[in-house]
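Put chain B on the given structure of chain A with help from the hints.
Chains A and B supply the protein sequences, listed in that same order.
Residue numbers are given in our numbering: position 118 of the first sequence equals residue 118, and the series is strictly consecutive.
Residue numbers are given in our numbering: position 101 of the second sequence equals residue 101, and the series is strictly consecutive.
By construction, these hints were calculated from the structure, which means they are not laboratory data.
Just so you know, even glycine gets a beta-carbon here, dropped at the ideal spot from N, CA and C.
Each hint should be verified, as a subset may be incorrect.
[What the hints assert, rightly or not] Pairwise CB distance ranges, derived in the manner of DEER restraints: (1) Asp-392/B x Gly-93/A: 28 to 34 Å; (2) Asp-2/B x Lys-110/A: 52 to 58 Å; (3) Arg-4/A x Tyr-290/B: 35 to 41 Å; (4) Leu-28/B x Gly-92/A: 53 to 59 Å; (5) Tyr-290/B x Lys-85/A: 45 to 51 Å; (6) Lys-107/A x Lys-235/B: 54 to 60 Å.
Given next are the chains, with one letter for each unit.
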Amino acid sequence: MRPRGFLLGEPKEGEFDSYGEVGSLACGDIIKVWIKVDKETDKIKDFKWQTWGCATAIASASAFAEMIMKNGGMKVEEAMNIKPKDIADYLGGLPARKFHCSILADKAFKKAVENYRNKK
Amino acid sequence: MDKRVKKAMEPYWTENFGNPNAIYKEGLIARSAVETAREDIAKILGARAKEIIFTNGGTESDNLAIFGVVKNFKSGHIITTKFEHHAVLNSCKQLEKEGFEVTYLDVGKEGVVNPKDVEKALRPETILVSIMYANNEIGTVQPIREIAKAIRIFKKSGRGKLLSLSLPAGEAGTDEEGNPTESKFSSSVFPYFHTDACQAPGYLDLNVERLGVDLLTINGSKIYGPKGIGLLYAKNGIKLEPLLYGGEQEKKIRPGTENVPAIVGLAEALKIAEQEREKESARLVKLRDYFINRLLGEIPKTVLNGHPTQRLPNNINVSILDAEGESIVLYLDEAGVACSTGSACTSESLEPSHVILAIGKPRAYAHGAMRFSLGRSTTKKDIDYVIKVLPDIIKKLRMFSPVNISV
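In isolation and in its complexed conformation, chain A is listed as follows (with noise of 0.2 Å):
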């Protein structure tokens, strides 16, 4: 019920390398994530979320958030791996329905990383 890693408002020009969305309005969730790449090691250095969506896509941002951020930034390529049977057992398991269409953190992070990848 608290969620953590969230931006707030619109990022600041250059706070962030890329970002991501996946979700629509008419399926009920959208997540959008920023991310900041340190060039030298492929570590990242921020990432922040913003959703709409149930208590699970909200939960699973914020679950995202704290698996890449903890020890000061996962490499792109390792969070690239995390898969959403990672994220579900980080918040202690899901129900089965909630897997597929409220997940969505890693997809947006795929996107943001894919947009990163084309920008260089």
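Chain B alone, transformed into the frame defined by chain A:
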């Protein structure tokens, strides 16, 4: 459940546990309890005791009304609305698979069926019209009397269907497909008119004569009565086929040993609802309007779903944009407020409310729909509390929401 209901039920668990179909003393006591309940209910509905069939709840009553009528036909046309309860909607969808035609009427922006639309949808092959008395999500009250009148005029003109089963032998026959053929009678027997009135007791007039309905569904749990009990009023002369086959209980239309304590509880709950109807409705209308005004006034980007006044005294349904229903429900739950999204978002499909979509609102509105139900114990203080905690919850959810829907 109301304590008075529980008290009325108490003797029928262990003290008077008899099977009402037995002829020993204990059985007779149980039978008398069931029949007294039936008479009390009939009196409230302005019906005859033999017109009341006990079932296990609203869903079963709706199914019995629909399939019980339709089973007499191999094909035909049914009229219902887009925002019925799933007990009716999914029954109709099943019938479509079985070859029946169904018209799902629009309910307009305010969530009220236009009787003229019913009139226009009536066809010679229409066998059933099923329209709810009040919507379970947005509480809008449907013009049942006017719809009944439209159907009555259609039937009087002889444009409807006749069924051999309801006529004396030899008066009408069936064609090679088993469908009833026309007869010499000028007034049609069909369509029958069913209404799901589960939301109505305690707030609306239940007199079946005044309403002009042939079939009416009521259940126990919505009226501070027990769960797992309901009834179907079926007007004398309506030919219903059973859904279940077994003993001879409930005129063979609903076999199975009667749930005596629940039947007694249902009757008691309905009596209380009827006794307190006027006073309680007047009290809740004031609270409802106070709540709606404060919600719309104090939470930006909040819209009311459904007609502002032609709605149940206990129903409030609003879409709070840029925040999502389920998250609001959970934060309110943490604050001690129990309410629901009114959407099927907790169901397997995770589809947003078909009711909010039926009144023409975009899907994003449906995802932010919140339904608050007021009850006998709700006071102005409770509403003030919700208004105190809700704006902060919405602020918080909007804080990390990436959407900005225009009203």
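Do the hints match the structure? See the list:
no. : hint                              : result
1   : Asp-392/B x Gly-93/A: 28 to 34 Å  : holds (29 Å)
2   : Asp-2/B x Lys-110/A: 52 to 58 Å   : holds (54 Å)
3   : Arg-4/A x Tyr-290/B: 35 to 41 Å   : holds (37 Å)
4   : Leu-28/B x Gly-92/A: 53 to 59 Å   : holds (56 Å)
5   : Tyr-290/B x Lys-85/A: 45 to 51 Å  : holds (48 Å)
6   : Lys-107/A x Lys-235/B: 54 to 60 Å : holds (56 Å)
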